[in-house]
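Here's the letter readout for the chains.
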Amino acid sequence: MTTEAPEAVTPLFEVFVRSKQGLDHKHVGSLHASDAQHALTLARDVYTRRQEGVSIWVVPSNAITASDPALKSDNFDPMASKVYRHPTFYDIPDEIGHM
Amino acid sequence: MYTQAFDIVVAGETSPVADDGDVQTAFLARIARDEKIEPQDAMPEAYRKTLIRQISQHAHSEVVGMLPEGGWITRAPSLKRKEILLAKVQDEGGHGLYLYSAAETLGVTRESLVEALHAGKAKYSSIFNYPTETWADIGTIGWLVDGAAIMNQVPLCRCSYGPYARAMIRICKEESFHQRQGFDIVRSLCEGTPAQKAMAQESINRWWWPTLMMFGPHDSDSTHTGEATDWGIKRISNDALRQKFVDVTVPQAAFLGLTLPDSAIMWNAERGHYDFGKIDWDEFWRVVKGDGPCNAARVSDRVAAFDEGRWVREAAAAHAAKSALSKASLKVAA
Amino acid sequence: MAESRLTALPESTLLTLADTCLLWGHRLSEWCGHGPVLEEDIALTNTALDLIGQARALLQLVALRRGDEVTEDALAYFREPEAFCNLMMVALPNGDYALTMARSMLLAAWFVPVWDSLAQGTDRPLANIAADAVKESRVQLRHASDWVLRFGDGTDESRRRIESALVSLWPYCDELLATTVDGTDQAERNASWRASIQATFDAATLSMPALPDAATNLLTATASASRLTLLAEMQSLARQHPGASW
Ligand SMILES: [Fe+2]
Ligand SMILES: [Fe+2]
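Residue numbers (this note's numbering), protein chains in the order written: chain F, 1 to 99; chain Z, 1 to 334; chain W, 1 to 246.
Since the hints were derived computationally from the structure, they do not count as laboratory data. One or more of the hints may lead you astray.
Unchecked claim - The list that follows gives simulated cross-link-like pairs (lysine-lysine, DSS-like), each with its CA atoms no further than 25 Å apart:
#: 1; chain 1: W; residue 1: LYS135; chain 2: Z; residue 2: LYS80
#: 2; chain 1: Z; residue 1: LYS80; chain 2: F; residue 2: LYS20
#: 3; chain 1: Z; residue 1: LYS36; chain 2: F; residue 2: LYS72
Turn these sequences into a full structure, and let the hints steer you where they fit.
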């Protein structure tokens, strides 16, 4: 599969949709558009045809910086040992009830 | 989304390249743990190539799949049917788009994939190389072709490559109305005038065998099934899916009062499945290799849309560049 | 009960709106699967669906009032071409994407104020339809105007194409402006139409062609011939099976 483009490549945008007022925007996919405004109008037609959203963000795909998957364990494994951050770490006497 | 034997490799055409053992072993261990593979993760080159081929074939199938049904939008016999069909065909375009996006996470551009389709180098589901001769075909396609596609696609929601699996989840959700609307069309025809019922039967006669072919060659003849299974791309075999499809469809046809064009169809109590007749694999390979009734027309329709759209895309790009430039100069001025 | 579902507006007005939406939606639906890019194909189909939905709602009102088992489909599929009351412009073939977008802009700019004032009107059945339709028309107007701007500002070729699209459509604008819609103010509507078109033309540095006095016989003949072809296709299957349900 070749990666050389036969014509000018239309920029790629990542699309984030807020499904309901009060919830986070969530990544739903991507699309091509000539500019951000265009991406926004197209995202409405491509990603909210079934009322999936009340708000849309678009971000140029190349503006996203991702963490290195090779560093996944270095980055995230050390959190596993910090059990004291979780409420279940602590014993609360039955007499006290909910805390 | 529609695809038959996802990832059809014609004998003699490109086949995945071998990778060095270490990458392969570590990777297979991840797959065995049922881990999802994400775009930036290390992956064997052969896995990446196979995915690009399969996902792009799948995307092409969706987009080419708009054409046979699209041809009936203007003639839909009621306004309600016109709306449903438009929404359905539009969905297929959306599926193509989600899949092209999934393929792009593997480092290819949509443009290059589309170019390969137009050059006749990429495959798509050969079911779309059959013509839609009557309105009943619109019902049959939804009922049988989308039905078969859904059966193929549901297991892909669990496939090992994250972006593909996520696209498939979205697609399967949208597909759920496609089969029902098709069944609904056929049902209306069967409950309608004798001419309508005859139209339905004639359509089933033409589409039944090509639909069974959508599941791809027999397991014993599928060259890449082993790899695809090891890689967590393929979860259920072609023959198992095909059998499942026959088993659910036979009673549906009986309900409608339609006859499936295969006298060998018979319940086999021992197997707990319906037996059915032999598929004409010569026809299958003939159509896959380009010699179906509509191969040339389908590709040339896509090429025409692409060529006629070029100036539109260029205009959008030129306008975007000019606006960006004038915004930048405003900033400098301020 | 039944009374509140019946509109008081004259049938000619309802049919002008309904038939315009229907034929225009039909034309846009022809693009489905053939759009210049996949994203745009999907966007345009949304518009076609909006228009066909509007046409259905209006035809249902007409059918309800006519009674006698008249249905939306009887009106769409079994009326003779001469009985259609659409604005002439919508019957014309799509042409290229510049013509399609220019036409969409000219029509949506007309529909926005029409729906807007019907939505605020006292005719409940129509106000309900108009309240939904005005949102759809606004999205459509923005979509089409954005393209007219891109074409005017884009490349030499796109500018040439949008200019020639406007030249061929412009003579039909006279009918657009002269058509009265009961329950709406014609002068206000036309002012709104002009203002919205003018803004896009300015942004695209396109000049507004002068309005001719009235549509010539040639224009009318072209539009009716186009409508004949369109309806022959649209109605073909339904008419092969009179009395059938689908
Ligand atoms: Fe699909
Ligand atoms: Fe489908």
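Verification of the hints:
For the hint linking LYS135 (chain W) to LYS80 (chain Z), the alpha-carbon distance of about 22 Å falls within 25 Å, and the restraint holds. Distance restraint check for LYS80 (chain Z) and LYS20 (chain F): the Cα-Cα separation of roughly 30 Å exceeds the 25 Å cut-off, and the hinted pair is therefore not satisfied. Annotation: proposed proximity of LYS36 (chain Z) to LYS72 (chain F) holds, straight-line Cα distance about 14 Å (limit 25 Å).
Checked against the numbered hints given earlier, this structure breaks only hint 2.
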